[in-house]
Amino acid sequence: MLPRWLMAMFVLFQEAWSARRDAHIRFLKLQVEILQSRLPGNRVIPDPLERQRLLKIGAEMAHVVEHTLDIVSIKTYRRWLREEQCDRQARK
Numbered sequence: 013m014l015p016r017w018l019m020a021m022f023v024l025f026q027e028a029w030s031a032r033r034d035a036h037i038r039f040l041k042l043q044v045e046i047l048q049s050r051l052p053g054n055r056v057i058p059d060p061l062e063r064q065r066l067l068k069i070g071a072e073m074a075h076v077v078e079h080t081l082d083i084v085s086i087k088t089y090r091r092w093l094r095e096e097q098c099d100r101q102a103r104k
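Numbers 13 to 104, taken from the numbering used here, label the letters of the sequence shown in order.
These aren't lab readings, by the way, just hints derived from the structure by calculation.
Ideal placement from N, C-alpha and C gives every residue a C-beta, glycine not left out.
Possibly wrong hints are sitting among the right ones.
As the list claims (entries may be wrong) - Label-pair ranges, simulated between beta-carbon atoms: (1) Met13 x Ala35: 30 to 36 Å; (2) Ala35 x Gln101: 36 to 42 Å; (3) Asp59 x Ile86: 16 to 22 Å; (4) Pro52 x Met21: 48 to 54 Å; (5) Asn54 x Trp29: 34 to 40 Å; (6) Arg55 x Glu96: 20 to 26 Å; (7) Ser30 x Gln101: 33 to 39 Å; (8) Ile57 x Val23: 40 to 46 Å; (9) Ala20 x Asp82: 52 to 58 Å; (10) Asp59 x Cys98: 30 to 36 Å; (11) Gln26 x Glu96: 28 to 34 Å.
As the list claims (entries may be wrong) - Below, computed lysine to any residue pairings styled on SDA-like, alpha-carbon distance capped at 20 Å: (12) Lys41 x Leu66; (13) Lys87 x Glu62; (14) Lys41 x Arg63; (15) Lys41 x Pro58; (16) Lys87 x Arg55.
Please model the entire structure based on the sequences and the hints provided.
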């Protein structure tokens, strides 16, 4: 068992990291919002390579992307995920 003071230090570091991570996410989301406002039209259509990149990073988060996904809707993301899973099963 860890000493209480060491456990307290771990908790403090975790909280500090969490606040920094949240600020980083807000910063990235603001950048996306700014870029989307400068694009003509109301949609951004990612190409297949961009979809794969989004799905790959989403997999690192167990595809829990509802709060960070801004470029496409969550329905679209889930459809891509289903299509990728069907493709994998078809290859087997």
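Straight-line alpha-carbon gap Lys87 to Glu62, limit 20 Å | Since the Cα atoms of Lys87 and Glu62 sit roughly 17 Å apart, the hinted pair holds (cutoff 20 Å).
Given a hinted range of 40 to 46 Å, is it respected by the beta-carbon distance of Ile57 and Val23?
-> Since Ile57 and Val23 have Cβ atoms about 44 Å apart, the given range 40 to 46 Å holds.
Range agreement (Cβ of Ala35 with Cβ of Met13, hint 30 to 36 Å) = With a Cβ separation near 33 Å, Met13 and Ala35 satisfy 30 to 36 Å, so the hint holds.
Within a Cα-Cα threshold of 20 Å, do Lys87 and Arg55 meet the stated pairing?
-> Given that 20 Å is the threshold and the Cα spacing comes to 14 Å, the pair holds.
Do the beta carbons of Asp59 and Cys98 sit within 30 to 36 Å of each other?
-> violated, 20 Å
Gln101 and Ser30 - C-beta distance against the hinted 33 to 39 Å = holds, 37 Å
Taking only the CA atoms, is the gap from Lys41 to Arg63 under or equal to 20 Å?
-> holds, 18 Å
Using the C-beta atoms of Asp59 and Ile86, is the stated range 16 to 22 Å upheld?
-> holds, 20 Å
When you take the CB atoms of Ala35 and Gln101, is the distance between them in 36 to 42 Å?
-> holds, 40 Å
Verdict for Pro52, Met21 (Cβ pair) under range 48 to 54 Å = Given a distance of about 51 Å, which is inside 48 to 54 Å, the answer is holds.
Does the Cβ pair Arg55, Glu96 satisfy 20 to 26 Å?
-> holds, 21 Å
Between Ala20 and Asp82, does the beta-carbon spacing fit 52 to 58 Å?
-> violated, 36 Å
In the structure shown, a violation is registered for the earlier hints numbered 9, 10, in ascending order.
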